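2 protein chains.
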Amino acid sequence: MRSHLCGVLRSEHIDQTVTLCGWVDRRRDHGGVIFLDVRDRAGIVQVVFDPDTVEAFALADRVRSEYVLKITGRVRARTDATINPNMATGQIEVLGKELVILNQAETPPFQLDEHTSVSEEVRLHYRYMDLRRTEMQQKLVLRSKITSAVRASLEDQGFLDIETPILTRATPEGARDYLVPSRTHPGQFFALPQSPQLFKQLLMVSGFDRYYQIAKCFRDEDLRADRQPEFTQIDIEASFIDESDIMGITETMIRELFSSVLNVDLGDFPRMTYADAMERFGSDKPDLRIPYELVSVDDLMQQVDFKVFRAPADDPEGRVAALKIDGGAQLSRKAIDDYTDFVGIYGAKGLAWVKVNQLAEGVSGLQSPILKFMPDEIVMSLMERIDAKDGDIVFFGAGKRQMVEESMGALRIKVGHDMGAVAARWAPLWVVDFPMFEKAGDGSWTALHHPFTSPSCTPEELEANPGQALSRAYDMVLNGTELGGGSIRIHDQAMQRAVFRVLGIEAEEAEEKFGFLLQALKFGAPPHGGLAFGLDRLVMLMTGAQSIRDVIAFPKTQSAACVMTDAPGTVDAKALRELNIRLREQKAQSAE
Amino acid sequence: MRSHLCGVLRSEHIDQTVTLCGWVDRRRDHGGVIFLDVRDRAGIVQVVFDPDTVEAFALADRVRSEYVLKITGRVRARTDATINPNMATGQIEVLGKELVILNQAETPPFQLDEHTSVSEEVRLHYRYMDLRRTEMQQKLVLRSKITSAVRASLEDQGFLDIETPILTRATPEGARDYLVPSRTHPGQFFALPQSPQLFKQLLMVSGFDRYYQIAKCFRDEDLRADRQPEFTQIDIEASFIDESDIMGITETMIRELFSSVLNVDLGDFPRMTYADAMERFGSDKPDLRIPYELVSVDDLMQQVDFKVFRAPADDPEGRVAALKIDGGAQLSRKAIDDYTDFVGIYGAKGLAWVKVNQLAEGVSGLQSPILKFMPDEIVMSLMERIDAKDGDIVFFGAGKRQMVEESMGALRIKVGHDMGAVAARWAPLWVVDFPMFEKAGDGSWTALHHPFTSPSCTPEELEANPGQALSRAYDMVLNGTELGGGSIRIHDQAMQRAVFRVLGIEAEEAEEKFGFLLQALKFGAPPHGGLAFGLDRLVMLMTGAQSIRDVIAFPKTQSAACVMTDAPGTVDAKALRELNIRLREQKAQSAE
Numbered sequence: 001m002r003s004h005l006c007g008v009l010r011s012e013h014i015d016q017t018v019t020l021c022g023w024v025d026r027r028r029d030h031g032g033v034i035f036l037d038v039r040d041r042a043g044i045v046q047v048v049f050d051p052d053t054v055e056a057f058a059l060a061d062r063v064r065s066e067y068v069l070k071i072t073g074r075v076r077a078r079t080d081a082t083i084n085p086n087m088a089t090g091q092i093e094v095l096g097k098e099l100v101i102l103n104q105a106e107t108p109p110f111q112l113d114e115h116t117s118v119s120e121e122v123r124l125h126y127r128y129m130d131l132r133r134t135e136m137q138q139k140l141v142l143r144s145k146i147t148s149a150v151r152a153s154l155e156d157q158g159f160l161d162i163e164t165p166i167l168t169r170a171t172p173e174g175a176r177d178y179l180v181p182s183r184t185h186p187g188q189f190f191a192l193p194q195s196p197q198l199f200k201q202l203l204m205v206s207g208f209d210r211y212y213q214i215a216k217c218f219r220d221e222d223l224r225a226d227r228q229p230e231f232t233q234i235d236i237e238a239s240f241i242d243e244s245d246i247m248g249i250t251e252t253m254i255r256e257l258f259s260s261v262l263n264v265d266l267g268d269f270p271r272m273t274y275a276d277a278m279e280r281f282g283s284d285k286p287d288l289r290i291p292y293e294l295v296s297v298d299d300l301m302q303q304v305d306f307k308v309f310r311a312p313a314d315d316p317e318g319r320v321a322a323l324k325i326d327g328g329a330q331l332s333r334k335a336i337d338d339y340t341d342f343v344g345i346y347g348a349k350g351l352a353w354v355k356v357n358q359l360a361e362g363v364s365g366l367q368s369p370i371l372k373f374m375p376d377e378i379v380m381s382l383m384e385r386i387d388a389k390d391g392d393i394v395f396f397g398a399g400k401r402q403m404v405e406e407s408m409g410a411l412r413i414k415v416g417h418d419m420g421a422v423a424a425r426w427a428p429l430w431v432v433d434f435p436m437f438e439k440a441g442d443g444s445w446t447a448l449h450h451p452f453t454s455p456s457c458t459p460e461e462l463e464a465n466p467g468q469a470l471s472r473a474y475d476m477v478l479n480g481t482e483l484g485g486g487s488i489r490i491h492d493q494a495m496q497r498a499v500f501r502v503l504g505i506e507a508e509e510a511e512e513k514f515g516f517l518l519q520a521l522k523f524g525a526p527p528h529g530g531l532a533f534g535l536d537r538l539v540m541l542m543t544g545a546q547s548i549r550d551v552i553a554f555p556k557t558q559s560a561a562c563v564m565t566d567a568p569g570t571v572d573a574k575a576l577r578e579l580n581i582r583l584r585e586q587k588a589q590s591a592e
Numbered sequence: 001m002r003s004h005l006c007g008v009l010r011s012e013h014i015d016q017t018v019t020l021c022g023w024v025d026r027r028r029d030h031g032g033v034i035f036l037d038v039r040d041r042a043g044i045v046q047v048v049f050d051p052d053t054v055e056a057f058a059l060a061d062r063v064r065s066e067y068v069l070k071i072t073g074r075v076r077a078r079t080d081a082t083i084n085p086n087m088a089t090g091q092i093e094v095l096g097k098e099l100v101i102l103n104q105a106e107t108p109p110f111q112l113d114e115h116t117s118v119s120e121e122v123r124l125h126y127r128y129m130d131l132r133r134t135e136m137q138q139k140l141v142l143r144s145k146i147t148s149a150v151r152a153s154l155e156d157q158g159f160l161d162i163e164t165p166i167l168t169r170a171t172p173e174g175a176r177d178y179l180v181p182s183r184t185h186p187g188q189f190f191a192l193p194q195s196p197q198l199f200k201q202l203l204m205v206s207g208f209d210r211y212y213q214i215a216k217c218f219r220d221e222d223l224r225a226d227r228q229p230e231f232t233q234i235d236i237e238a239s240f241i242d243e244s245d246i247m248g249i250t251e252t253m254i255r256e257l258f259s260s261v262l263n264v265d266l267g268d269f270p271r272m273t274y275a276d277a278m279e280r281f282g283s284d285k286p287d288l289r290i291p292y293e294l295v296s297v298d299d300l301m302q303q304v305d306f307k308v309f310r311a312p313a314d315d316p317e318g319r320v321a322a323l324k325i326d327g328g329a330q331l332s333r334k335a336i337d338d339y340t341d342f343v344g345i346y347g348a349k350g351l352a353w354v355k356v357n358q359l360a361e362g363v364s365g366l367q368s369p370i371l372k373f374m375p376d377e378i379v380m381s382l383m384e385r386i387d388a389k390d391g392d393i394v395f396f397g398a399g400k401r402q403m404v405e406e407s408m409g410a411l412r413i414k415v416g417h418d419m420g421a422v423a424a425r426w427a428p429l430w431v432v433d434f435p436m437f438e439k440a441g442d443g444s445w446t447a448l449h450h451p452f453t454s455p456s457c458t459p460e461e462l463e464a465n466p467g468q469a470l471s472r473a474y475d476m477v478l479n480g481t482e483l484g485g486g487s488i489r490i491h492d493q494a495m496q497r498a499v500f501r502v503l504g505i506e507a508e509e510a511e512e513k514f515g516f517l518l519q520a521l522k523f524g525a526p527p528h529g530g531l532a533f534g535l536d537r538l539v540m541l542m543t544g545a546q547s548i549r550d551v552i553a554f555p556k557t558q559s560a561a562c563v564m565t566d567a568p569g570t571v572d573a574k575a576l577r578e579l580n581i582r583l584r585e586q587k588a589q590s591a592e
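Residue numbers (my numbering), protein chains in the order written: chain D, 1 to 592; chain B, 1 to 592.
Keep in mind that a hint or two might mislead.
Claimed, not checked - Listed below are the simulated DSBU-like cross-link pairs for lysine-lysine, each with C-alpha atoms no more than 35 angstroms apart in a straight line:
{"no.": "1", "chain 1": "D", "residue 1": "K355", "chain 2": "D", "residue 2": "K334"}
{"no.": "2", "chain 1": "D", "residue 1": "K216", "chain 2": "B", "residue 2": "K522"}
{"no.": "3", "chain 1": "B", "residue 1": "K372", "chain 2": "B", "residue 2": "K439"}
{"no.": "4", "chain 1": "B", "residue 1": "K285", "chain 2": "D", "residue 2": "K522"}
{"no.": "5", "chain 1": "B", "residue 1": "K439", "chain 2": "B", "residue 2": "K414"}
{"no.": "6", "chain 1": "B", "residue 1": "K216", "chain 2": "D", "residue 2": "K513"}
{"no.": "7", "chain 1": "D", "residue 1": "K216", "chain 2": "B", "residue 2": "K145"}
{"no.": "8", "chain 1": "B", "residue 1": "K414", "chain 2": "B", "residue 2": "K522"}
{"no.": "9", "chain 1": "B", "residue 1": "K400", "chain 2": "B", "residue 2": "K307"}
{"no.": "10", "chain 1": "D", "residue 1": "K522", "chain 2": "B", "residue 2": "K97"}
Keep in mind the hints are simulated off the structure, nothing from the lab.
Values in this document were obtained by computation on a predicted structure and should not be read as measured data.
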């Protein structure tokens, strides 16, 4: 039906007769001539109809925004005065000869170039209109390129694309499952998978060696800003490998992806231990674009009387950390108060600070509400420890280690953005050597990852000292976002039993929940491990999208609904009867 | 952990030291030497341990079937006497030097090479073991290659991979939906999609131009032999195209797929009208590998008194068709009786036949129970019409057209297989020009495809004579199997309303069911159309699998259950309360 896409026309096409199809992006009358901006997937081109082409001109006069047209015309150079350097096709225009109106359009619910003036609800209701915007088109085109590049890299590396079931059994992630009532097994339910975790491990037991899948996953959780009830995971598992192998494979994948799609060389990814990441950045997903680091000053604070610092410095579970902000001495009292409120969210009771000036003259040039509680030599040792210089501000966090790291880690990010100190680069890294377990409030142990994650010690060491055990897990972090994570799995029965014992999971409970996997591990499971990446988040980062909803064609709202299709919806009583369920009476009864 | 895959070792590796990982496929003692067949994804290699390697020999002596090993050794040529031409690695063996038992295995539930001796239920229960069989591995490896080739071809042709939702609203296919109760919208339900039909049309309205997706689809139907509750579709849609364009695009895709994966050139696909297919093959998915054709003989039978033929020949809705089977005169009375029973399944009251012998001598050499009812000159005209020759048998179907075509079409296939007359080639074709509507028993019209399929006539012609209207639908058929089908869709409001009127769908009902699509069509929908292929069926054909369960990693049984994970399962009362549903009391109460 067409010879070219609108958006591809350039000077090289001058004097060619072309046939285009597309939408009317804009229509203008100007000096008895009609100008149509015609849009398709590739971009926008200007088409001119003059009154000489009687029939086409009359039709062109009738068209309105978002009409669908087929146009035949000749490409010609624009005059110097009308060249538009902001348009890819701005050197040329098409002189329209023939026009067919393929379809009309009612007045659009909103003008595409005025989308910001309507609510997101309206844009989601008319999603098919919002998706016509160039920005949305580009994001989804990039998403398609990203999945294609991921597949190419993994298939090059010998991975097989294998589909796992959507109608399945509860998986071990522990979030709330979406359930599907079974008609043929009354009273029973399928669960939609939170991940293909158990299936991919079974594929390793089956000997498929290298598996991947771009898999839909589901969690019925209350949605935070950037969550969706269904999301997409790049799921990977391999056999006869160790941490280095699988990290190498997936680092290669991400590097090839950035190279082919964004023309960016990410270089080799640094590796950092969990302990180091918490110590230096107060986060297990440090944003290395921000130049600030937390510095421990507990040893110095053990020498002062100032109780706010001295007590946590003496507490084995406490920490006193300094965060130096280059050039921060300019911050106003109001700004500091705001930051004090900010760290309060994380439980910090205050935010001590020192503004550094005239350091060469000793403590006299420093401004701070807390200096009076410390001997000068301690203050100067502190300044030296954190390498302070004139114009800096130093913030302090003190208290329980976890609170200090959370609050100062978050403050580091916030101040970094506020100060414009975020480096304009991609900052990937691996975080490794996670603790195997966390202690819950009641003193019991819970798995930091899932109970199939392999520890890096023996079963005996694990049970003797669960708090010290590290896991063979690894996270890939990019610009402070966790892109993906995984682990070497347990393939040994004795180790699996030891982990269950530490977690207080009875054999019976394990059997009930994961029996088929535990059984499979008895029949010759190979050493194996893997990783899963959040595709939606990866696409967000790569497209610079502000919301996860901008990189999903048909997203759900925060209440897990689709306002376009009006899903979920009511169901007739017969369907419920067939499924052997009924609605609870105290609530909606529309379907009964 | 390894230097090579087991299955890749060849003579070129002789004298190299290799490290292998894999499973013990077989273990034999022979003359004081231990032979292990070690298996991985790439194949099997023989490893020999002799008593010289004291430590490794002792370990090798301990291993049993399905143990997981890591072996280092030297590749050497086999002696002439021990070369195994049936094994890809049969020219060589590995002399084992070092052995690590990576994992032990309990005695397997069945020996892999004796899988036919256990029930499919047992094999599905231990699916991870059954998937270790070379045949199953190869099928899933081929499936991965097939999806990869499909993606490559479509991406080359400018298609974008766009994901559509799994948690959505009922779609227009009309089978029973799987439902998912919403927790945040009490009393409401999501439906799992039977296809991405509406979403892909919306993507065309959005201007994405060329969309594809390898999409999971769901139908809660009672399962016939080759159905699964969840299945995979290659889903395609394009804008600004007509039938020829989209058929060309997808034909290219399938041709490239067969070329790259099976090294088969399918050539250009013939196109056949629905009317022609029914007339000549009694089927809308004719298997062109079978050389027989139905031949209409109504005009001849209008000249005989034999009522069984004369009545349908005179009936405008009747048909008398002959099916000549080359060399079929040898068929026994018993065989003919069996075929008579076979066509009885389709409603035929009998199966008339003529065995052809000594045709040069006229009717005297023909054997048949029905000849006596027909004048000789009609019989000879008949023989000429169907080009009969000595040694053939001719079967006759007579009655209502649909019954005759169904029964004789099925007989054609059955006899073709019984006679060994199925040509050893791939026989693809397009079937086009389907009727737009079928008449239901009550005289109402139903859509042969779905109500968004475009007719090939004007709205006025459509409403004046619905029975004559053809649709712009097309099916791709391969070896008698429908691989895929689709249509040009309606993008015009007036046409859509005309179709709804013929179908007796009230505006209100259409609005309720498909309101969002109908609304989208008002805002500038481009001409568009598409196709969907059943991936599972395509893989079955390409791998020669007998069952759809052999090309799906974790399939469901006929009762829509997974015996491996024991899904579906019961759910605790709290989960049901959160979803605002309860079980019906008269049935299972386990969760209440």
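Hints, verified against the model:
This hinted pair checks out: D:K355 and D:K334 have alpha carbons roughly 14 angstroms apart, not beyond 35 angstroms. For the given pair, D:K216 sits about 32 angstroms from B:K522 by alpha-carbon distance, which is consistent with the 35 angstroms threshold. For the suggested pair B:K372 and B:K439, the alpha carbons sit about 38 angstroms apart, so the restraint of at most 35 angstroms is broken. Using a Cα cut-off of 35 angstroms, the hinted pair B:K285 and D:K522 is violated, with the two alpha carbons roughly 47 angstroms apart.
In summary, the hint linking B:K439 to B:K414 is supported, as the alpha carbons are separated by about 29 angstroms, within the 35 angstroms threshold. For a cut-off of 35 angstroms, the pair hint linking B:K216 to D:K513 stands: about 26 angstroms separates their Cα positions. Taken as a hint, the D:K216 and B:K145 pair is honoured in the structure, with Cα atoms around 21 angstroms apart against an allowance of 35 angstroms. For a cut-off of 35 angstroms, the pair hint linking B:K414 to B:K522 is broken: about 50 angstroms separates their Cα positions.
Only pairs whose Cα atoms come within 35 angstroms are accepted, and B:K400 paired with B:K307 is accepted, the gap being roughly 14 angstroms. Between D:K522 and B:K97 the CA atoms are separated by roughly 27 angstroms; this keeps the pair inside 35 angstroms, and the hint holds.
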